[in-house]
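There are 2 protein chains.
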Amino acid sequence: MESTAQSFAPSLPQIQNPLSGPGLFRHGDSAPTWLVQATKPVRYEVRMVDNLLDPTREDLALAGAGERTGNRRFIVLDDRIEAHYGARLRQYFQAHGLRPHFCVLPAEERNKTMDSVAHVVRDLNEFGISRRHEPIIAIGGGVLLDIVGFAASLYRRSTPYVRIPTTLIGLVDAGVGVKTGVNFENHKNRIGTYFAPSLALLDKTFLTTLAERHLHNGFAEILKIALVKDFRLFELLEEHGPALVASRLRSRQGEGDVAQEVLERAVQGMLEELQPNLWESNLERLVDYGHTFSPTIEMKALPDLLHGEAVNIDMALTTSIARRRGLLTLGEQVRIGRVMRSMNLPQYHPVCDVAGLAAALDDTVRHRDGLQRLPLPVGIGAACFVNDLTTDEIRHALDDLMAGGLDGE
Amino acid sequence: MESTAQSFAPSLPQIQNPLSGPGLFRHGDSAPTWLVQATKPVRYEVRMVDNLLDPTREDLALAGAGERTGNRRFIVLDDRIEAHYGARLRQYFQAHGLRPHFCVLPAEERNKTMDSVAHVVRDLNEFGISRRHEPIIAIGGGVLLDIVGFAASLYRRSTPYVRIPTTLIGLVDAGVGVKTGVNFENHKNRIGTYFAPSLALLDKTFLTTLAERHLHNGFAEILKIALVKDFRLFELLEEHGPALVASRLRSRQGEGDVAQEVLERAVQGMLEELQPNLWESNLERLVDYGHTFSPTIEMKALPDLLHGEAVNIDMALTTSIARRRGLLTLGEQVRIGRVMRSMNLPQYHPVCDVAGLAAALDDTVRHRDGLQRLPLPVGIGAACFVNDLTTDEIRHALDDLMAGGLDGE
Numbered sequence: 001m002e003s004t005a006q007s008f009a010p011s012l013p014q015i016q017n018p019l020s021g022p023g024l025f026r027h028g029d030s031a032p033t034w035l036v037q038a039t040k041p042v043r044y045e046v047r048m049v050d051n052l053l054d055p056t057r058e059d060l061a062l063a064g065a066g067e068r069t070g071n072r073r074f075i076v077l078d079d080r081i082e083a084h085y086g087a088r089l090r091q092y093f094q095a096h097g098l099r100p101h102f103c104v105l106p107a108e109e110r111n112k113t114m115d116s117v118a119h120v121v122r123d124l125n126e127f128g129i130s131r132r133h134e135p136i137i138a139i140g141g142g143v144l145l146d147i148v149g150f151a152a153s154l155y156r157r158s159t160p161y162v163r164i165p166t167t168l169i170g171l172v173d174a175g176v177g178v179k180t181g182v183n184f185e186n187h188k189n190r191i192g193t194y195f196a197p198s199l200a201l202l203d204k205t206f207l208t209t210l211a212e213r214h215l216h217n218g219f220a221e222i223l224k225i226a227l228v229k230d231f232r233l234f235e236l237l238e239e240h241g242p243a244l245v246a247s248r249l250r251s252r253q254g255e256g257d258v259a260q261e262v263l264e265r266a267v268q269g270m271l272e273e274l275q276p277n278l279w280e281s282n283l284e285r286l287v288d289y290g291h292t293f294s295p296t297i298e299m300k301a302l303p304d305l306l307h308g309e310a311v312n313i314d315m316a317l318t319t320s321i322a323r324r325r326g327l328l329t330l331g332e333q334v335r336i337g338r339v340m341r342s343m344n345l346p347q348y349h350p351v352c353d354v355a356g357l358a359a360a361l362d363d364t365v366r367h368r369d370g371l372q373r374l375p376l377p378v379g380i381g382a383a384c385f386v387n388d389l390t391t392d393e394i395r396h397a398l399d400d401l402m403a404g405g406l407d408g409e
Numbered sequence: 001m002e003s004t005a006q007s008f009a010p011s012l013p014q015i016q017n018p019l020s021g022p023g024l025f026r027h028g029d030s031a032p033t034w035l036v037q038a039t040k041p042v043r044y045e046v047r048m049v050d051n052l053l054d055p056t057r058e059d060l061a062l063a064g065a066g067e068r069t070g071n072r073r074f075i076v077l078d079d080r081i082e083a084h085y086g087a088r089l090r091q092y093f094q095a096h097g098l099r100p101h102f103c104v105l106p107a108e109e110r111n112k113t114m115d116s117v118a119h120v121v122r123d124l125n126e127f128g129i130s131r132r133h134e135p136i137i138a139i140g141g142g143v144l145l146d147i148v149g150f151a152a153s154l155y156r157r158s159t160p161y162v163r164i165p166t167t168l169i170g171l172v173d174a175g176v177g178v179k180t181g182v183n184f185e186n187h188k189n190r191i192g193t194y195f196a197p198s199l200a201l202l203d204k205t206f207l208t209t210l211a212e213r214h215l216h217n218g219f220a221e222i223l224k225i226a227l228v229k230d231f232r233l234f235e236l237l238e239e240h241g242p243a244l245v246a247s248r249l250r251s252r253q254g255e256g257d258v259a260q261e262v263l264e265r266a267v268q269g270m271l272e273e274l275q276p277n278l279w280e281s282n283l284e285r286l287v288d289y290g291h292t293f294s295p296t297i298e299m300k301a302l303p304d305l306l307h308g309e310a311v312n313i314d315m316a317l318t319t320s321i322a323r324r325r326g327l328l329t330l331g332e333q334v335r336i337g338r339v340m341r342s343m344n345l346p347q348y349h350p351v352c353d354v355a356g357l358a359a360a361l362d363d364t365v366r367h368r369d370g371l372q373r374l375p376l377p378v379g380i381g382a383a384c385f386v387n388d389l390t391t392d393e394i395r396h397a398l399d400d401l402m403a404g405g406l407d408g409e
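Protein chains in written order, with our numbering: chain A, 1 to 409; chain B, 1 to 409.
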């Protein structure tokens with residue numbers, strides 16, 4: 001029983017130190033003001049695992065489960081994963097005595113809409129999920145993870161979920177952070193939330209069934225981390241990139257595990273940037289490199305370009321801009337261009353013109369609260385932020401890309 | 001310029017104390033696990049003001065504005081407020097040299113949908129709002145505030161907003177908390193977010209144009225606070241309720257400001273409950289009193305019952321249940337029933353039947369993560385939580401309500 005009826009004393013304003021932390025502070029007598037302060041703790045685990053679907057492994061069976069969790073599981077998959085792994089998933093859950101419910105969504109960028117979110121919400125309603133102790137488990141690419149994370153954050157104002165990325169871009173980007181969202185009328189990720197999963201499970205064996213183009217797509221985000229903060233990672237891509245694609249990042253015995261090192265560096269680099277800035281209170285974000293012009297490029301070219309491909313065009317453009325500003329050398333530009341070429345990543349697309357790119361920058365300026373805050377590479381492995389990019393600079397850089405790209409080949 | 005390229009050392013796992021607070025913690029070498037921990041600070045002000053639209057007052061002109069805010073304002077109104085106050089609002093902003101953009105939405109519960117959220121998002125896009133320093137200002141009833149708060153929380157994953165409630169229920173409930181949301185396929189507030197406004201401005205002069213039924217509607221939520229935690233507030237409602245409605249809570253000189261005391265106690269009581277539990281980590285919530293059966297009753301009866309009316313039916317039902325359990329006396333039950341009657345608040349509606357109420361409880365159990373956590377009044381001004389309510393108890397209580405209500409009249 002609770003009773004606080006006697007403790008109320010409105011005539012005694014509770015003026016405590018309003019800067020001292022959580023609490024309710026009341027000021028003034030005739031026209032009071034209350035200050036409500038609280039802190040929300042967020043905590044999640046990103047765990048690398050091997051062979052998640054091996055029935056002897058427990059990670060998936062226990063994912064998001066607590067003491068009160070029964071044997072039902074609510075799984076959302078994209079159609080590609082359902083096709084490749086549906087049977088193995090059913091076997092896995094059967095082996096663990098669990099009853100999975102599967103909700104299958106299309107994995108394409110054009111389906112990243114509120115309609116897909118509504119599909120998940122409707123299914124959650126029919127399943128009758130319990131609010132806190134029956135986990136939502138999302139297994140799929142970045143599009144699927146963003147949709148399910150969004151639905152989970154909205155359903156009853158937040159329902160826990162687990163992220164299991166199955167693409168390379170998911171493993172190093174969408175799968176490890178806290179952003180969710182969908183596109184809105186051709187605006188990339190215009191609506192969404194920050195909502196941490198309770199757990200992310202990273203299993204690179206899913207890459208064995210990934211189309212080569214989608215591997216290249218993921219390497220664009222790895223290259224991003226390399227360019228802005230990890231020269232060693234760049235060297236690994238330069239030396240081993242095509243071999244890593246060919247091997248689908250399988251670990252190879254005896255010659256040092258390059259695939260594992262590349263993945264770990266990419267995830268570590270990403271998390272180092274995200275953790276101190278989880279809600280983007282600081283809008284100067286290194287991980288926004290390649291994400292200034294690309295949202296507009298990607299949506300304009302839809303479905304022509306994958307996300308990482310659009311990001312790569314943005315990185316090619318800004319590498320040229322940086323080189324023209326003297327922030328990196330022509331030699332460094334050529335090295336970057338060669339890595340992009342070796343990973344089949346485009347440096348140009350016909351939807352790019354100067355006016356369109358300038359408009360894309362304007363939209364990003366609104367997203368970055370009135371300033372460009374444009375990350376530019378400084379050499380290879382470092383970056384700076386500028387606020388004074390001109391349309392002429394965009395024009396000259398675009399000319400470079402149309403005339404053969406960063407390596408001029 | 002930032003560079004952390006040299007600081008990376010993946011071979012040295014960073015095992016710090018993972019319970020020590022924010023940070024990125026890495027464990028393990030061959031298959032690493034990262035623990036991401038962060039805390040999000042939330043802080044907002046709830047300010048009582050008089051005559052917000054008086055051009056000599058600055059609260060509205062400065063609401064949500066900072067150093068970099070220009071003279072544009074993005075205002076979302078419901079159609080009732082546009083009709084009553086549109087001209088005064090334009091005059092107000094003109095007097096302060098501001099250029100307002102008005103986005104007008106219907107205020108009815110049946111429009112509390114994702115379509116209305118999409119309407120606001122589309123308008124925000126066209127306005128080209130800056131992400132952090134151009135405030136969204138919501139002026140209207142609870143439905144409008146919930147819709148706009150939801151849109152603000154989703155737009156670019158969060159855009160600051162200001163809440164200005166114009167109904168009594170908005171002043172004491174929807175206007176002062178952090179919940180946002182819309183209905184989904186006849187499920188009340190099934191999707192939403194927790195998203196604090198930067199500021200809530202409470203001006204009871206808006207009540208002068210409020211229909212009497214909507215005043216009664218607001219008194220249901222005030223009665224809720226009284227019943228679970230504030231006996232003095234109950235006495236004020238018992239003694240002055242109808243007079244407060246008749247005067248539309250205008251302050252009266254010379255006889256003690258009962259209207260002000262009632263409003264302050266209601267807001268203070270609400271905030272005392274919300275502040276320590278802003279994200280509902282504890283699902284035993286006193287302010288959930290009257291909100292166990294009412295979400296289903298309200299949606300079934302739509303548009304017949306207002307929110308507070310449905311809440312009152314729930315409170316009448318659970319008062320009878322509590323009395324039958326011996327948690328309050330027949331005399332107390334009669335007093336509660338008389339206050340409800342004096343405020344024209346219904347204690348029954350034909351959509352209520354035993355099976356429907358049992359199903360409503362089942363849905364709420366899912367919302368409360370598998371337990372009833374049902375608040376029941378204990379006397380007047382205190383409450384307890386129970387988990388063992390039976391269908392028979394619902395039946396008997398419903399019989400009471402059909403046979404004349406709590407006061408048997």
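It is worth saying that the hints were derived from the structure and are not from the lab. For glycine and all other residues, C-beta sits at the position ideal for the given N, C-alpha and C. Be careful, since some hints might not be right.
Think about it this way: if two alpha-carbon atoms lie no more than 25 Å apart in a straight line, the pair counts; the simulated SDA-like pairs of lysine to any residue are [unchecked claim]: (1) 300(A) x 398(A); (2) 40(B) x 274(A); (3) 40(A) x 109(B); (4) 300(B) x 113(B); (5) 40(B) x 300(A); (6) 300(B) x 109(B); (7) 300(A) x 235(A); (8) 40(A) x 22(B).
If the Cβ cut is set under 10 Å, some of the chain A residues that face chain B in the computed set are [said to hold, decoys possible]: (9) 259; (10) 260; (11) 331.
Beta-carbon label-pair distances, calculated as ranges [what the hints assert, rightly or not]: (12) 279(A) x 118(B): 40 to 48 Å; (13) 96(B) x 79(A): 48 to 56 Å; (14) 359(B) x 21(A): 37 to 45 Å; (15) 243(A) x 115(B): 36 to 44 Å; (16) 118(B) x 349(A): 44 to 52 Å; (17) 39(A) x 50(B): 50 to 58 Å.
Quick check: does the Cβ-Cβ distance between residue 359(B) and residue 21(A) fall within 37 to 45 Å? For residue 359(B) and residue 21(A) the Cβ distance comes to about 43 Å; the hint holds.
Given the proposed pairing of residue 300(A) with residue 398(A), does the C-alpha separation stay at or below 25 Å? Holds, at roughly 17 Å.
When the least beta-carbon distance from residue 259(A) to chain B is tested against 10 Å, hint result: violated (13 Å)
Quickly compare the C-alpha distance for residue 40(A) and residue 22(B) to 25 Å and report which way the hint goes. Cα-Cα ~11 Å, so holds.
CA of residue 300(B) to CA of residue 113(B), is that 25 Å or under? Given pair residue 300(B), residue 113(B) holds - Cα atoms ~16 Å apart, limit 25 Å.
Range hint 40 to 48 Å: satisfied by the CB atoms of residue 279(A) and residue 118(B)? Hint violated: Cβ distance 24 Å, outside 40 to 48 Å.
Hint validity - residue 260(A) Cβ closer than 10 Å to any chain B Cβ: The hint holds - residue 260(A) has a Cβ within 10 Å of chain B, the shortest such distance being about 8 Å.
Mind checking the alpha carbons of residue 300(A) and residue 235(A) for me, to see if they're no more than 25 Å apart? Given that 25 Å is the threshold and the Cα spacing comes to 33 Å, the pair is violated.
Check the hint pairing residue 40(B) with residue 300(A) against an upper bound of 25 Å on the C-alpha distance. Violated, because 35 Å separates the two Cα atoms, which is more than 25 Å.
Would you say the C-beta atoms of residue 243(A) and residue 115(B) sit inside 36 to 44 Å of each other? violated (51 Å)
Could you see if the CB distance from residue 39(A) to residue 50(B) stays within 50 to 58 Å? Hint violated: Cβ distance 33 Å, outside 50 to 58 Å.
Measuring from beta carbon to beta carbon, are residue 118(B) and residue 349(A) in 44 to 52 Å? violated (29 Å)
Hint check: violations occur at hints 3, 5, 7, 9, 11, 12, 15, 16 and 17; the rest are consistent with the structure.
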